[in-house]
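Below, each chain spelled out in residue letters.
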Amino acid sequence: MSRKTLTFALMDPPYESENLTTAFRLLDVAARRGYNLNVFAYEGASGLAFTRQAPHPNPVHGKDVAEENHPTTKDQVAALLVEAQKNGGKVDWVNCGMCVDERGVNEFVPGTRRGSPADFHAFTEASDNVLVIPTK
Amino acid sequence: MAKKTLNIVESAYRAVMEEQDDTIMWLLAAMQGAGAEHTVVLRGNAVNYAVAGQGVPGLTVGEWKQTQAPKMDRDLVDLIEKRKIPVYIVEEDLAERGIERGELVPGVKLVSRTALPGLFAEHVLVSHW
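Top line first, the protein sequences correspond to chains U and X. Quick note on numbering: numbering that gives the first Met the number 0 labels position 26 of the first sequence as 25, and the sequence is numbered without any gaps. Quick note on numbering: numbering that gives the first Met the number 0 labels position 14 of the second sequence as 13, and the sequence is numbered without any gaps.
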């Protein structure tokens with residue numbers, strides 16, 4: 000049986016909703032199953048792979064940086080790429096170019112790339128299924 | 000003396016996984032430490048923050064694992080006991096969701112919708128989150 004290809008379109012910026020947690024749970028399972036994954040990171044989601052994200056301490060929790068172990072989406076993106084590769088799949092993660100420019104987040108996790116709506120169109124045409132997780 | 004502020008929190012479980020807490024509860028705790036005087040009313044879906052024993056597994060992506068997943072009941076107890084921030088729960092919103100008083104963390108106070116104007120009158124500012 001040929002390897003399935005799934006496309007996800009994400010829109011939410013990091014640290015502002017639970018939609019991305021859902022998205023990463025789905026992406027993780029798909030990567031573990033060896034699917035090929037396309038991700039079109041649109042609007043706020045174009046910041047998910049921004050490499051200058053940094054974990055911080057949490058004085059309200061009384062925890063330093065190490066204890067708080069604050070998640071960053073760039074680490075989740077990087078882990079996704081590794082997991083997919085480990086299981087024979089590949090991830091084509093596209094950061095919408097105009098979106099990253101207007102936000103100043105054009106330094107990406109290695110293995111992700113700059114792209115455009117044309118990439119999302121190409122993803123859609125080439126995929127077995129497409130899931131849009133929009134901002135509401 | 001700080002302006003007494005009533006904070007009505009309605010938005011619930013928004014970004015709590017990524018932030019490992021509720022951003023408004025965090026903000027109020029931090030502001031209290033800077034001298035603010037806050038009171039909290041949980042309404043709508045946010046009343047669920049007061050249910051004791053809740054929790055969620057951390058997010059896992061490949062080899063990356065979240066180790067400090069949020070616990071909203073713990074954070075609420077921290078607000079009440081450590082920060083001395085009064086926390087009210089709209090009792091009708093609890094009832095609509097089938098949550099019993101005995102399921103809640105200690106220290107929260109129930110308030111009816113009809114009693115809310117009285118709380119408003121006790122505060123200089125009212126912030127609806």
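Hints may be right or wrong, so weigh each one.
Claimed, not checked - Below, a list of computed lysine to any residue pairs in the SDA-like style, where the Cα atoms sit at most 20 Å apart: (1) 70/X <-> 102/X; (2) 85/U <-> 64/X; (3) 83/X <-> 105/X; (4) 3/U <-> 87/U; (5) 62/U <-> 105/X; (6) 62/U <-> 76/X; (7) 81/X <-> 3/U.
As the list claims (entries may be wrong) - Taking CB as the label site, the calculated pair distances span: (8) 109/X <-> 55/U: 30 to 38 Å; (9) 2/U <-> 100/X: 47 to 55 Å; (10) 100/U <-> 54/X: 34 to 42 Å; (11) 96/U <-> 44/X: 52 to 60 Å; (12) 109/U <-> 56/X: 22 to 30 Å; (13) 135/U <-> 73/X: 50 to 58 Å; (14) 50/U <-> 54/X: 25 to 33 Å; (15) 100/X <-> 33/U: 44 to 52 Å; (16) 54/U <-> 52/X: 43 to 51 Å; (17) 122/X <-> 86/U: 33 to 41 Å; (18) 123/X <-> 24/U: 55 to 63 Å; (19) 17/U <-> 100/X: 22 to 30 Å; (20) 31/U <-> 118/X: 44 to 52 Å.
Derived by calculation from the structure, the hints in this document are not laboratory data. The beta carbon of each residue, even a glycine, is placed where N, CA and C say it ideally should be.
Hint check:
no. : hint                       : in the structure
1   : 70/X <-> 102/X             : holds (15 Å)
2   : 85/U <-> 64/X              : holds (17 Å)
3   : 83/X <-> 105/X             : holds (13 Å)
4   : 3/U <-> 87/U               : holds (11 Å)
5   : 62/U <-> 105/X             : violated (24 Å)
6   : 62/U <-> 76/X              : holds (17 Å)
7   : 81/X <-> 3/U               : violated (52 Å)
8   : 109/X <-> 55/U: 30 to 38 Å : holds (36 Å)
9   : 2/U <-> 100/X: 47 to 55 Å  : holds (53 Å)
10  : 100/U <-> 54/X: 34 to 42 Å : holds (40 Å)
11  : 96/U <-> 44/X: 52 to 60 Å  : violated (37 Å)
12  : 109/U <-> 56/X: 22 to 30 Å : holds (29 Å)
13  : 135/U <-> 73/X: 50 to 58 Å : violated (28 Å)
14  : 50/U <-> 54/X: 25 to 33 Å  : holds (31 Å)
15  : 100/X <-> 33/U: 44 to 52 Å : holds (49 Å)
16  : 54/U <-> 52/X: 43 to 51 Å  : violated (28 Å)
17  : 122/X <-> 86/U: 33 to 41 Å : violated (55 Å)
18  : 123/X <-> 24/U: 55 to 63 Å : violated (43 Å)
19  : 17/U <-> 100/X: 22 to 30 Å : holds (27 Å)
20  : 31/U <-> 118/X: 44 to 52 Å : holds (49 Å)
Of the numbered hints stated above, those contradicted by the structure are hints 5, 7, 11, 13, 16, 17, 18, listed in ascending order.
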